[in-house]
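Peer 1: Chains as they are written, first to last, in the numbering used here: chain A, 1 to 254; chain B, 1 to 303.
Since the hints were made in silico from the structure, they are not lab data.
Since this is a predicted model, take the numbers as computed values, not measurements.
Take the hints with a grain of salt, since some may be wrong.
Here are the simulated EDC-like cross-link-like pairs (lysine to aspartate or glutamate), alpha carbons at most 16 Å apart as the crow flies [said to hold, decoys possible]: (1) K127(A) x D148(A); (2) K70(A) x E212(A); (3) K149(A) x E128(A); (4) K180(A) x E128(A); (5) K173(B) x E231(B); (6) K97(A) x D243(A); (7) K72(A) x D42(A); (8) K97(A) x D126(A); (9) K39(A) x D87(A); (10) K242(A) x E33(B); (11) K242(A) x E30(B); (12) K228(A) x E251(A); (13) K4(A) x D42(A); (14) K39(A) x D2(A); (15) K288(B) x E5(B); (16) K39(A) x E63(B); (17) K39(A) x E75(A); (18) K127(A) x D99(A); (19) K238(A) x D54(B); (20) K104(A) x E128(A); (21) K72(A) x E63(B); (22) K70(A) x E63(B); (23) K230(A) x D54(B); (24) K242(A) x E32(B); (25) K230(A) x D243(A); (26) K72(A) x D201(B); (27) K70(A) x D201(B); (28) K237(B) x D176(B); (29) K15(B) x E5(B); (30) K228(A) x D54(B).
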Amino acid sequence: MDYKTTITQNRRVANGVFKLTLSVGALPEILPGQFAQVKLPDGSALLRRPFCIADFDRAAGTVTLLYAVKGKGTEALSALTKGGKLDVLLPLGNGFKFDASQRKIMLIGGGMGAAVLPAFPSAYPDKEFYTFLGFANKKAVICADLKDKSRFALITTDDGSNGERGFVTDKALAEMSALKPDSIAACGPVPMYRSMQKSFAGVSAPVYVSLEERMGCGFGACLVCACKIKSGGNESYKRVCKDGPVFLLNEVCL
Amino acid sequence: MSFNESVTVAGVLFKNPVITASGTFNFGREFEEFYPLSALGGISTKGLTLCRRDGNRPPRVAETPSGMLNSVGLQNPGIEYFLKNELPYLRTRGTVIIANIAGSTVDDYREIAEKAGESAVDMLELNISCPNVKEGGVAFGTLPSKVREVTEIAKAACGRKPLIVKLTPNVAKISDNAKAAEDGGADAISLINTLTGLAVDYRTRKPILANVTGGLSGPAVKPIALKMVWECYNAVKIPIIGMGGISSYTDALEFIIAGATAVQVGTANLVTPTAAYDIVRDLRAYLKENDLDVNKLRGSLVI
Ligand SMILES: Cc1cc2nc3c(=O)[nH]c(=O)nc-3n(C[C@H](O)[C@H](O)[C@H](O)COP(=O)(O)OP(=O)(O)OC[C@H]3O[C@@H](n4cnc5c(N)ncnc54)[C@H](O)[C@@H]3O)c2cc1C
Ligand SMILES: Cc1cc2nc3c(=O)[nH]c(=O)nc-3n(C[C@H](O)[C@H](O)[C@H](O)COP(=O)(O)O)c2cc1C
Ligand code: FES
Chain A
1 MDYKTTITQN RRVANGVFKL TLSVGALPEI LPGQFAQVKL PDGSALLRRP FCIADFDRAA
61 GTVTLLYAVK GKGTEALSAL TKGGKLDVLL PLGNGFKFDA SQRKIMLIGG GMGAAVLPAF
121 PSAYPDKEFY TFLGFANKKA VICADLKDKS RFALITTDDG SNGERGFVTD KALAEMSALK
181 PDSIAACGPV PMYRSMQKSF AGVSAPVYVS LEERMGCGFG ACLVCACKIK SGGNESYKRV
241 CKDGPVFLLN EVCL
Chain B
1 MSFNESVTVA GVLFKNPVIT ASGTFNFGRE FEEFYPLSAL GGISTKGLTL CRRDGNRPPR
61 VAETPSGMLN SVGLQNPGIE YFLKNELPYL RTRGTVIIAN IAGSTVDDYR EIAEKAGESA
121 VDMLELNISC PNVKEGGVAF GTLPSKVREV TEIAKAACGR KPLIVKLTPN VAKISDNAKA
181 AEDGGADAIS LINTLTGLAV DYRTRKPILA NVTGGLSGPA VKPIALKMVW ECYNAVKIPI
241 IGMGGISSYT DALEFIIAGA TAVQVGTANL VTPTAAYDIV RDLRAYLKEN DLDVNKLRGS
301 LVI
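Kindly generate the complete structure, drawing on both the sequences and the hints.
Peer 2: This is how it looks when you write it as structure tokens:
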């Protein structure tokens, strides 16, 4: 749905990463992995920009986005201040879903992909989370406070400047037999998914990932956000925005 | 009182002159979350082909100044699927349904025009101008002699259904193609389709679109589209459906003044899902306030 929101905070939380909190009013049902399409202030760009709903607070009627400053759209966003208005479509896409029997959830976030994860405990307060976050270095760390809401949490950096040195997916894999998760939710860059398609091949729990693609509308109308998905022996293009962004790792063609 | 917002295109009555443009509205369902489709004058469907098409590799979109390039490549489930699974529902929505059809050969155009002609759609829009697939009809859309030929074939095949021919702006003189469509028996023309363009990433020195080139749409193309509508209005007698960058009721009025009987709204739907609905509402308010019949404004450009 289309919301006229008010900015309640927009501040830097890591190297080139901002946290934007928007007052929405009565919140709709929100699943982790669902995203928002943000219209940029006055004519700074034509198309909306997609960001996952990093977290939400039903009592306060707010949603939080975490965004990396990449180009002209995110730059324009970073200049906005408290009290400013933003036109936002949300919640879009399918999101991560679990059934009642899936209790132990492993969360894996790589880089900006970690932004998807804070919404899990908010949406699924009854589940147990085992959280693995990986970043390039300590300056890139976000969502570290997820530790407080997880049964188990581990941070890795490529250079060892925060937490353990190494790749987050390797650490998660190493803990797999001890933690025995019922489901795994991952969000990170494409190379991370590529390596997981090999290294997680023997994992019995279903692995869901969230994809990114350049978007036009964000709600299924224009077919520009295609990703190739194989299912039942057939490969076909699906819409990241409407059929996804969450797909089974072993069904995505990277 | 002379307030009137309804228009007639080739014998088909539109409750208002605002139609959603092909490829920016899928088959309408995604917009029902935002407003009732019955508010619209009409809907032009996603471009349909005889067999389903997967479309081009992503990335398929690049933002450009006040516009966007797309290279979807006519991804669609095929006309049979549309007729069976989408049209019966669309028919119940209380608006004019236009099937946008494309082909790669003359035989394709004949066959798909026949299928659409026998169906429950209100009109056909012959897409001979998709810039994103080699076989997307653009070969038929550029040379006036070809425009005439494919129009004649489609017209003969589609029975009594009114035929709109959608023109590409990527030509030497669009009014020549408009005349060719009229001579071929088109009941109306629509324009413009997208302008071919290229977006480059200077860092990687690669094109942003996997297809390399794409079709430009959005506010950036509006002045070109307006000029072409006006040029065609002065060249043909059949009605014109104008489009290209329309994002507000004033944009719609500008096209009508340049000679359009009705307008289509495309890219604006993607940015503001209620764009077409807002344009209908605002245009109505303007016509009411000024006690105007929209048909009186057509071609009223004062030179
Ligand atoms: C479902 C989804 C969720 C996302 N969630 C987040 C998030 O939580 N935090 C975050 O920092 N980023 C997220 N992204 C990426 C974010 O949308 C882009 O970084 C952002 O659009 C860049 O805009 P820009 O104007 O600064 O960059 P520019 O390069 O100037 O943008 C030009 C165009 O390319 C598009 N674009 C550029 N990079 C991307 C990309 N990686 N994915 C999709 N479109 C892109 C832009 O939307 C715009 O249309 C998400 C993307 C998707 C598809
Ligand atoms: C994503 C996208 C897909 C399109 N697909 C089609 C199509 O399938 N058939 C067609 O005739 N035109 C197609 N078009 C062209 C539009 O219908 C319209 O002619 C053009 O975009 C100009 O109008 P606008 O500036 O309002 O978007 C497409 C345009 C866009 C942006
Ligand atoms: S962005 Fe338009 S269909 Fe996905």
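Peer 1: Confirm or reject each hint.
Peer 2: Hint by hint, here is what the structure shows:
| no. | hint | result |
| --- | --- | --- |
| 1 | K127(A) x D148(A) | holds (14 Å) |
| 2 | K70(A) x E212(A) | holds (15 Å) |
| 3 | K149(A) x E128(A) | holds (9 Å) |
| 4 | K180(A) x E128(A) | holds (12 Å) |
| 5 | K173(B) x E231(B) | holds (9 Å) |
| 6 | K97(A) x D243(A) | holds (13 Å) |
| 7 | K72(A) x D42(A) | holds (13 Å) |
| 8 | K97(A) x D126(A) | holds (13 Å) |
| 9 | K39(A) x D87(A) | holds (5 Å) |
| 10 | K242(A) x E33(B) | holds (13 Å) |
| 11 | K242(A) x E30(B) | holds (9 Å) |
| 12 | K228(A) x E251(A) | holds (9 Å) |
| 13 | K4(A) x D42(A) | holds (14 Å) |
| 14 | K39(A) x D2(A) | holds (10 Å) |
| 15 | K288(B) x E5(B) | holds (9 Å) |
| 16 | K39(A) x E63(B) | holds (14 Å) |
| 17 | K39(A) x E75(A) | holds (13 Å) |
| 18 | K127(A) x D99(A) | holds (10 Å) |
| 19 | K238(A) x D54(B) | holds (10 Å) |
| 20 | K104(A) x E128(A) | holds (5 Å) |
| 21 | K72(A) x E63(B) | holds (11 Å) |
| 22 | K70(A) x E63(B) | holds (14 Å) |
| 23 | K230(A) x D54(B) | holds (13 Å) |
| 24 | K242(A) x E32(B) | holds (15 Å) |
| 25 | K230(A) x D243(A) | holds (13 Å) |
| 26 | K72(A) x D201(B) | holds (14 Å) |
| 27 | K70(A) x D201(B) | holds (14 Å) |
| 28 | K237(B) x D176(B) | holds (13 Å) |
| 29 | K15(B) x E5(B) | holds (7 Å) |
| 30 | K228(A) x D54(B) | holds (10 Å) |
Checked against the numbered hints listed earlier, the structure breaks none of them; every hint is satisfied.
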